[in-house]
Each structure stands twice: as structure tokens, then as C-alpha cells.
Amino acid sequence: DAGVIQSPRHEVTEMGQEVTLRCKPISGHDYLFWYRQTMMRGLELLIYFNNNVPIDDSGMPEDRFSAKMPNASFSTLKIQPSEPRDSAVYFCASRSGRAISGNTIYFGEGSWLTVV
Amino acid sequence: AQTVTQSQPEMSVQEAETVTLSCTYDTSESDYYLFWYKQPPSRQMILVIRQEAYKQQNATENRFSVNFQKAAKSFSLKISDSQLGDAAMYFCAYRSARLNTDKLIFGTGTRLQVFP
Numbered sequence: 001d002a003g004v005i006q007s008p009r010h011e012v013t014e015m016g017q018e019v020t021l022r023c024k025p026i027s028g029h030d031y032l033f034w035y036r037q038t039m040m041r042g043l044e045l046l047i048y049f050n051n052n053v054p055i056d057d058s059g060m061p062e063d064r065f066s067a068k069m070p071n072a073s074f075s076t077l078k079i080q081p082s083e084p085r086d087s088a089v090y091f092c093a094s095r096s097g098r099a100i101s102g103n104t105i106y107f108g109e110g111s112w113l114t115v116v
Numbered sequence: 001a002q003t004v005t006q007s008q009p010e011m012s013v014q015e016a017e018t019v020t021l022s023c024t025y026d027t028s029e030s031d032y033y034l035f036w037y038k039q040p041p042s043r044q045m046i047l048v049i050r051q052e053a054y055k056q057q058n059a060t061e062n063r064f065s066v067n068f069q070k071a072a073k074s075f076s077l078k079i080s081d082s083q084l085g086d087a088a089m090y091f092c093a094y095r096s097a098r099l100n101t102d103k104l105i106f107g108t109g110t111r112l113q114v115f116p
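If you read the protein sequences in the order shown, they are chains A and B. Count the first sequence with my numbering and you get residues 1 to 116, in order. Count the second sequence with my numbering and you get residues 1 to 116, in order.
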């Protein structure tokens with residue numbers, strides 16, 4: 001089975017530019033998560049969706065960040081305008097809502113963002 | 001609020017030997033899940049093992065096993081017959097079993113080095 005697929009894997013952009021990160025969750029998974037990993041703050045949850053509906057976006061740092069999930073197989077995380085402090089690895093993850101799945105969250109390979 | 005503590009920033013082990021990584025957590029909840037994730041240099045987050053708090057039996061996955069002490073709020077990972085490919089960052093993570101609290105809380109990680 002295909003895992004969580006993220007794109008781009010690496011992106012370098014200039015401050016002020018818009019950045020869009022994309023994610024395809026594992027087929028059949030009804031929860032989707034966006035995490036960010038930095039040296040200073042470690043791994044932190046930004047937002048998560050259940051059945052395409054945002055449930056908790058309290059981790060989204062500020063209005064420059066937005067996330068959407070237009071359908072069950074696609075989500076985007078957008079940063080506009082980007083700033084150097086947004087440089088991080090952004091992970092998308094998903095899990096099934098079925099108890100038999102063991103409530104395990106599976107991560108994508110991450111998108112490594114550098115804002116210069 | 002729940003917290004996860006990994007008190008060993010770095011550990012090292014000789015190939016074929018056994019190593020134990022420590023993790024403690026703080027929670028007032030009785031039902032939750034615990035995970036160990038491995039992050040190699042590629043940055044991908046890979047699930048190693050998971051434990052449901054209601055299960056008394058320690059989880060085992062091949063060379064990986066846990067020592068889950070619920071009363072002590074301790075969740076250590078034992079790697080037996082260590083291999084060079086085990087070298088990575090290891091993160092302990094906690095997730096509440098309450099509905100609509102779908103957030104992994106991570107420790108700061110332990111970097112494991114494996115020497116030939």
C-alpha cells in the first residue's frame with residue numbers, strides 16, 4: 001500500500017513568497033494531520049482534519065498559515081507570506097478511525113522548507 | 001496538560017548488543033496510547049512500536065520491545081541485537097484516547113548511535 005505522500009520534498013524560497021505544501025493521505029484514512037518539526041520546538045501539531053473537516057487548528061502559528069482539505073485524498077498547507085522562521089520540516093500524517101487500526105498515525109516523508 | 005520526557009539526548013551501542021531508551025510521561029488520564037517513532041537521517045518518521053495503556057502485556061515487534069510501567073508512567077524501548085540501520089533519532093509519543101483530542105505529544109528525542 002502507498003503511504004502518505006507529500007510534495008515537494010524540498011523547497012527553498014525567498015522571504016515573502018507563497019509556499020504550498022501538498023499531501024495525499026493513505027487511502028481510507030479519515031484523519032489527516034499537519035505537523036512541523038524545528039530544532040527549537042521539536043515536533044508540534046499544527047492542525048488536523050476528520051472527514052475533511054478541520055477539528056483543531058490551535059497549533060497554527062498565525063494567520064499566514066492556512067490549511068485545506070477539499071476532499072478525502074488531498075490536503076494543502078499554505079504559508080503566505082513566508083518568513084525565515086518558517087523554515088522547518090513539515091510532516092503530513094494520517095490514520096484510520098477504525099479501532100482495529102490501533103489508532104496509529106502514519107507519517108509522510110516530510111517537506112523540508114527553507115525560507116531565505 | 002500531558003508531557004513526555006526523554007532524558008537521554010544521546011545513546012550509543014555496539015552492534016549486536018542491547019540498548020534501552022528511556023521515556024517518562026505525565027498525564028492524569030487512564031486511557032491513552034504510547035508510541036515509539038524512529039527518524040533516520042532521511043527525516044521520515046517511522047513507527048517502531050505502540051502500546052495501549054489498558055493492555056498490561058508489553059508490546060513486542062521483532063527486536064524491539066517495551067517496558068510499560070503504567071503506575072510509574074514509564075515507557076522504555078529495548079532494542080536487542082542492535083544493527084547499524086538502527087542508528088537514528090527515536091521519539092517517544094503520547095496520545096490521549098479521549099474523543100476529539102487527536103494529538104501526538106512528542107518527547108525531545110534520543111539520538112542513537114550504533115558502532116560496528
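Since the hints were made in silico from the structure, they are not lab data. Keep in mind that a hint or two might mislead.
What the hints assert, rightly or not - DMTMM-like mimics (lysine to aspartate or glutamate), calculated; alpha carbons at most 25 Å apart, straight line:
| # | chain 1 | residue 1 | chain 2 | residue 2 |
| --- | --- | --- | --- | --- |
| 1 | A | K78 | A | E44 |
| 2 | B | K70 | B | E52 |
| 3 | A | K78 | B | D102 |
| 4 | B | K70 | B | E15 |
| 5 | A | K24 | A | E11 |
| 6 | B | K73 | B | E15 |
| 7 | B | K70 | B | D31 |
| 8 | B | K55 | B | E10 |
| 9 | B | K73 | A | E44 |
| 10 | B | K78 | B | D26 |
| 11 | A | K68 | B | D102 |
| 12 | A | K24 | B | D31 |
Stated by the list, open to error - Only part of the chain A face toward chain B is listed, based on derived beta-carbon distances under 8 Å:
| # | residue |
| --- | --- |
| 13 | Y31 |
| 14 | L43 |
| 15 | L45 |
| 16 | L46 |
| 17 | Y48 |
| 18 | F65 |
| 19 | F74 |
| 20 | N103 |
| 21 | E109 |
| 22 | G110 |
Note that this is a predicted model, so its numbers are computed, not measured. Note that beta-carbon positions come from the ideal geometry of N, C-alpha and C, so glycine has one too.
Checked against the structure, which of the hints given earlier come out wrong? Numbers 4, 6, 8, 12, 16, 18 and 19 - these are the hints that the structure violates, sorted from lowest upward.
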